[in-house]
Each structure stands twice: as C-alpha cells, then as structure tokens.
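Chemist: Sequence:
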Amino acid sequence: MLWMTIRKLFQHCCRTDTTTSKFSITGSHDGGVPSKFIKPSTITSFPVYIKIRINNQPTEAIVDTGSAISIIHSNFLKTIHHQNFLYQTHSCQIANSTPLNIIGQIQLEIQIKSIKTYVTAHVATNLITSILLGNDWINSNHVHLYGDQKKLTIPDQYGQLISIPYVEPTSINYPALLVQQLTLPP
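Here the working numbering is used: position 54 in the sequence shown is 54, and no number is missing along the way.
Just so you know, these hints were derived from the structure itself, not from any lab.
Note that the Cβ used here is the ideal one computed from N, Cα and C, for glycine as well.
Don't take each hint at face value.
[What the hints assert, rightly or not] Computed beta-carbon distance windows for the label pairs:
#1 Asn55 - Val167: 39 to 49 Å
#2 Gln160 - Tyr87: 37 to 47 Å
#3 Lys151 - Asn56: 17 to 27 Å
#4 Leu182 - Tyr118: 17 to 27 Å
#5 Gln149 - Leu184: 40 to 50 Å
Throw the hints in and build the complete structure from the sequences for me.
Modeler: Put into structure tokens, the structure is as follows:
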C-alpha cells in the first residue's frame with residue numbers, strides 16, 4: 001500500500017522520458033511551481049567560524065544553525081577555568097549518523113568583542129572542533145547570520161547590532177576513514 005502511495009505521488013510530480021529513461025520534476029496539476037531546470041549553486045557551504053573567548057580563553061567557534069545544542073570538546077574544556085560540571089553520559093547522532101559521545105553539561109561564558117553571553121553546553125569527547133554554538137545560543141542571543149557578507153550580528157546590551165566577521169579556522173580536525181584497506185610496506 002505504501003509503495004502504491006509513493007508511486008502515485010511520483011507520477012503526480014514527475015514526468016518520465018521513456019526514450020532516455022530520465023525524469024524531470026514538474027509542477028503540480030493544481031497550480032504549483034512550473035517545470036524549470038535550475039543549475040545548482042557552485043558556491044560550496046563551509047562551517048561558519050568566529051573568534052570568541054570562552055571563560056576568558058580565546059578560541060574559534062563554529063556557529064551551526066543545523067545544531068539544536070551547543071557542544072564543547074572535553075579536551076578543550078580541560079584547558080579552561082570552569083566549575084559545576086554536570087556528569088551525565090549519553091550518545092546521540094549528528095546529521096551524518098556519526099555517534100557523538102556526550103559526557104555531561106557545563107555553563108559557559110561566551111564573549112564576542114565586548115558582548116558577554118552564556119550557554120549551557122553539552123560536553124563531548126569526539127567533537128571535530130573546540131566548541132560549536134548551536135541554535136540554543138543563536139536564538140537566545142538574537143544572532144543573525146549573513147553568509148553573503150561573511151558576518152553575523154549580535155545585539156549589545158543597548159540593542160545596537162554588533163557585526164562579527166567570519167574567520168578562517170587556524171586548524172581543522174576532520175576525522176577521515178578509508179573506503180578501502182591500505183597496507184603500508186615496512
């Protein structure tokens with residue numbers, strides 16, 4: 001039954017070219033978006049990095065609108081002054097289904113230029129960066145990102161928008177896995 005529903009939906013919105021076995025997306029019969037082939041963007045999406053201070057320790061943070069939570073790497077947490085670590089382990093999956101090992105939560109002071117904000121961050125043992133600021137921090141601090149201008153804005157204590165430029169990361173730690181076995185000779 002589910003297959004029939006999917007097939008009907010596919011037939012409703014797609015047209016098959018039987019001579020080439022290709023299909024194209026078309027508008028719906030009820031006045032939807034007309035058929036049009038759109039060339040995909042050639043601009044690649046990169047993580048947004050900004051310079052911040054966490055509990056007075058300078059670092060670069062990823063600002064991630066795709067993450068519901070803010071996360072700090074446990075190794076980075078060990079290098080900064082902190083207190084009231086709440087130990088609470090659980091595992092979750094990030095967008096690409098990679099497991100993320102959470103070992104607890106910590107209250108952090110995030111300083112950007114002269115603006116001080118606070119976030120309760122989850123602490124992970126296998127994060128690819130020192131800190132990731134998610135939607136919990138973005139929304140509670142009224143942060144707006146402008147990808148085309150490579151900046152974000154955050155209001156100060158008087159409501160004035162402060163512009164924060166994106167920066168290039170000084171080091172990137174992406175985990176890599178081989179797709180085929182490799183043997184190195186001695």
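Chemist: Now tell me if each hint is right for this structure.
Modeler: Status of the hints after comparison with the structure:
1. Asn55 - Val167: 39 to 49 Å: Once the Cβ atoms are compared, 20 Å apart, the range 39 to 49 Å for Val167 and Asn55 is violated.
2. Gln160 - Tyr87: 37 to 47 Å: holds, 39 Å
3. Lys151 - Asn56: 17 to 27 Å: This hint holds: roughly 24 Å between Cβ atoms.
4. Leu182 - Tyr118: 17 to 27 Å: Given a distance of about 46 Å, which is not inside 17 to 27 Å, the answer is violated.
5. Gln149 - Leu184: 40 to 50 Å: The hint (40 to 50 Å, Cβ to Cβ) holds, given that Gln149 and Leu184 are roughly 46 Å apart.
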